[in-house]
Amino acid sequence: MRKIKTIADLERVREQIISGQKKYATVISVCGGTGCHAYGCKKVREQFSRIIRKNGKGQKIKLQFTGCRGFCERGPIVTIQPQGIFYQKVQEKDVPLILAETIEKGKVLDHLLYEGKDLKTKVTAEKDIPFYQRQHRLVLGSNGLVDPTKIEDYLGIGGYRALARALLEMTPGQIIDEVKDSGLRGRGGAGFPTGKKWESCRNSTGDLKYVICNCDEGDPGAYMDRSLLEGNPHSVLEGMIIGAWAIGAQEGFIYVRHEYPLACKNAGTAIIQARKVGLLGHDILGSGFDFDVEIAKGGGAFVCGESTALIASIEGKIGEPKSKQIHTISQGLWGKPTNINNVETWANVPLIIRQGSQWFSSIGTEKSKGTKIFSLVGRVKNTGLVEVPMGITLKEIIFGIGGGPKDGKAIKAVQTGGPSGGCIPASLFDLPVDYDSLTHAGSMMGSGGMIVLDEGTCMVDVAKYFVHFLREESCGKCLPCREGLKRMGEILNEITGGRGNAESLFLLEELATVVADTSLCGLGKTAPNPVLSALKYFRPEFEDHIDRKRCPAGVCTSLIHYSIAEESCVGCGACKKICPAQAIAGKKKQSHRIIPELCSQCGSCRDVCKMNAVWVQ
Amino acid sequence: MELGAVNGILEKYQAKRTSLISILHDIQDQYNFLPETALKKVASSLQMDLNDLYGVATFYKSFSLVPKGRHSITLCLGTACHVRGGPKVLRQMKKELGIEPGQTTKDKNFSLEVVNCLGVCAIGPVMVVDGKFYGEMNWVRAKRIVEKIMKKENGGRA
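Just so you know, the sequences run in chain order V and A.
Each residue of the first sequence is one higher than the last, beginning at 1 in this note's numbering.
Each residue of the second sequence is one higher than the last, beginning at 618 in this note's numbering.
By construction, these hints were calculated from the structure, which means they are not laboratory data.
Hints are supplied without guarantee of correctness; some may be wrong.
Derived lysine-lysine pairs resembling DSS-like cross-links, with alpha carbons at most 27 angstroms apart [said to hold, decoys possible]: (1) V/K265 <-> A/K685; (2) A/K629 <-> V/K317; (3) A/K657 <-> V/K317.
These numbers come from a predicted model, not from an experiment.
Please construct the entire structure, taking both the sequences and the accompanying hints into account.
Okay, structure coming up:
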């Protein structure tokens with residue numbers, strides 16, 4: 001492809017791409033996200049490619065590897081256009097059948113379709129699947145249309161048109177006003193108004209300015225940023241270039257977690273391609289604006305998602321946060337004005353520029369505009385990435401889109417906002433999802449992790465999990481976070497170990513308050529949230545552990561014991577064979593029993609028992 | 618130790634301080650850990666104090682100053698994996714390999730790591746063996762995967 005120098009050039013290239021795609025009668029898209037990779041999508045794609053080539057159909061069928069479609073647990077996902085067929089859990093062996101039946105004869109294969117709730121109805125089209133039906137996929141939607149490694153695909157769906165408009169038809173001030181009017185707020189968690197941030201950075205004085213894309217998505221349970229950068233990197237890049245133009249930045253960085261190898265790779269490819277066609281680098285689109293982007297890799301430190309620690313990490317230093325008396329927008333990377341936005345925020349920018357702030361602000365609530373992507377995971381039936389308009393209720397997300405409980409156990413809470421957030425009980429599921437409502441309920445939006453917890457989840461264990469997580473991830477710079485979290489972890493260990501006493505909860509709350517009040521950065525300041533919210537809504541569970549020495553969910557190993565129900569046991573011996581402590585006795589075809597003195601409470605017997613005869617108390 | 622590759626890596630990143638973390642990642646990918654001699658070379662090329670470099674290399678969890686095993690087993694214990702039984706898989710792996718997370722078996726066959734989230738939460742618990750992702754892991758499947766590699770390493774003997 002030649003260099004694109006004007007808007008007319010861009011439109012010409014786009015038309016060429018579209019007319020080139022018209023020759024294909026069918027487009028087969030195999031999802032190439034990390035989730036589908038785990039289920040073997042690569043083999044599925046290779047098989048398609050092999051057979052299509054063998055049959056000489058390469059001229060008629062376009063085969064593409066797209067970005068993440070969001071419905072990860074149903075992977076590998078294959079869609080067929082123009083018929084609009086959505087096949088799930090496709091295996092290598094299904095490929096010849098799809099080509100022979102669906103592509104050749106137009107027959108839909110029932111066994112690969114999504115099953116309705118009643119297990120009888122089969123759903124053919126993606127838009128009719130309940131998981132997708134209630135979503136509003138503005139940002140994530142393009143993931144399924146493009147091959148993330150091909151800039152042509154992105155240009156074909158109107159990519160970089162927003163950039164052309166911004167660079168050639170708008171002044172930086174107009175862009176900032178547009179973003180401000182749209183009401184876009186940072187999608188990384190804190191929800192700071194994006195336009196306002198850009199304006200402050202533009203007004204900061206400095207010979208050099210930087211923009212950074214934060215893809216250090218450390219919140220466990222959240223993965224929308226990975227999915228976006230991996231599945232549609234050009235949309236993020238386009239947002240960054242527009243932002244850089246508005247702010248007056250010359251250089252940019254995409255800071256990616258090292259745990260996201262595919263995102264690193266695809267973002268790197270996108271940068272090279274954009275440079276090649278003149279959309280990045282020197283004199284972008286002939287506008288005279290110079291801007292380039294580099295990738296900076298993370299090193300596995302959660303704290304580096306914090307802006308000052310992230311900057312230290314790019315500078316090649318230890319990722320310790322700094323006091324925020326001086327903001328990064330005036331003194332950031334190498335002391336220069338720096339604007340950091342999260343991946344999802346950047347990906348929203350081209351949409352706003354292309355379709356206008358009025359359109360964008362018509363979606364969502366009064367103070368939270370647009371859509372938000374959540375990763376709906378944990379103990380829920382349909383897991384994956386969901387994009388919904390702000391203001392939708394938790395109930396609609398968890399029960400409407402998520403389909404409710406995974407295996408019959410009642411859902412009791414949802415954890416949002418990662419280690420800085422908290423647990424919201426089922427009684428509050430009518431709460432609208434926006435920045436302010438979640439904060440008011442003692443949690444926060446965070447980057448968008450939504451981990452559903454059911455009766456089989458122990459809230460004390462979850463609180464302990466987060467405290468231990470944060471203790472490990474604390475950079476150690478300031479004392480309240482470093483030592484406070486350690487002590488909080490010890491108290492929680494005592495409670496789950498059956499050694500908690502009347503003072504435990506009082507001490508825990510006191511320490512939590514001190515850590516929140518006296519820590520330097522966001523990590524420490526919000527670290528007690530999971531504990532405090534669990535105590536607020538699930539105090540009786542803590543008291544059960546302390547006063548009655550029992551774990552109602554049957555999770556804390558020191559407080560539970562296993563037994564075999566005599567009447568259900570058929571004596572198959574599976575538990576006896578698997579038991580690592582040789583704690584199960586019994587003859588074949590006779591009821592077995594657990595020897596309490598030897599049992600290590602690992603739960604292996606319960607996992608293997610087909611008769612559900614193993615009980616936990 | 619032959620360090621020719623380090624020169625190539627430094628050249629690739631033009632020995633820029635901004636690329637330090639990427640440089641260390643590439644060195645680790647090459648040698649399986651960060652050899653002392655390589656770190657000395659990086660420090661002198663980037664004109665930085667060796668102490669500072671040691672600080673960086675030990676601060677970030679991804680780096681190891683001791684050689685890792687031939688096979689890497691990484692378990693995700695993010696929240697979603699945690700509530701879906703990740704700890705049980707970890708318990709089995711620790712038992713199977715006889716090591717704690719962050720350690721390498723004596724025969725240098727396996728290294729066990731625990732990470733806080735791999736971002737594949739919808740299909741947790743997730744385990745990565747030599748770069749290959751496995752979803753919906755349970756301890757029985759995990760055991761089978763490791764046993765298969767062990768068998769291969771022992772020349773077909775169990």
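Satisfaction of hint between A/K685 and V/K265, Cα-Cα up to 27 angstroms: Holds - the C-alpha atoms of A/K685 and V/K265 are around 24 angstroms apart, at most 27 angstroms.
Would you mind confirming whether the straight-line C-alpha gap from A/K629 to V/K317 stays at or under 27 angstroms? holds, 20 angstroms
Does A/K657 pair with V/K317 here, judged by a C-alpha cut-off of 27 angstroms? holds, 16 angstroms
In this structure, every one of the numbered hints holds.
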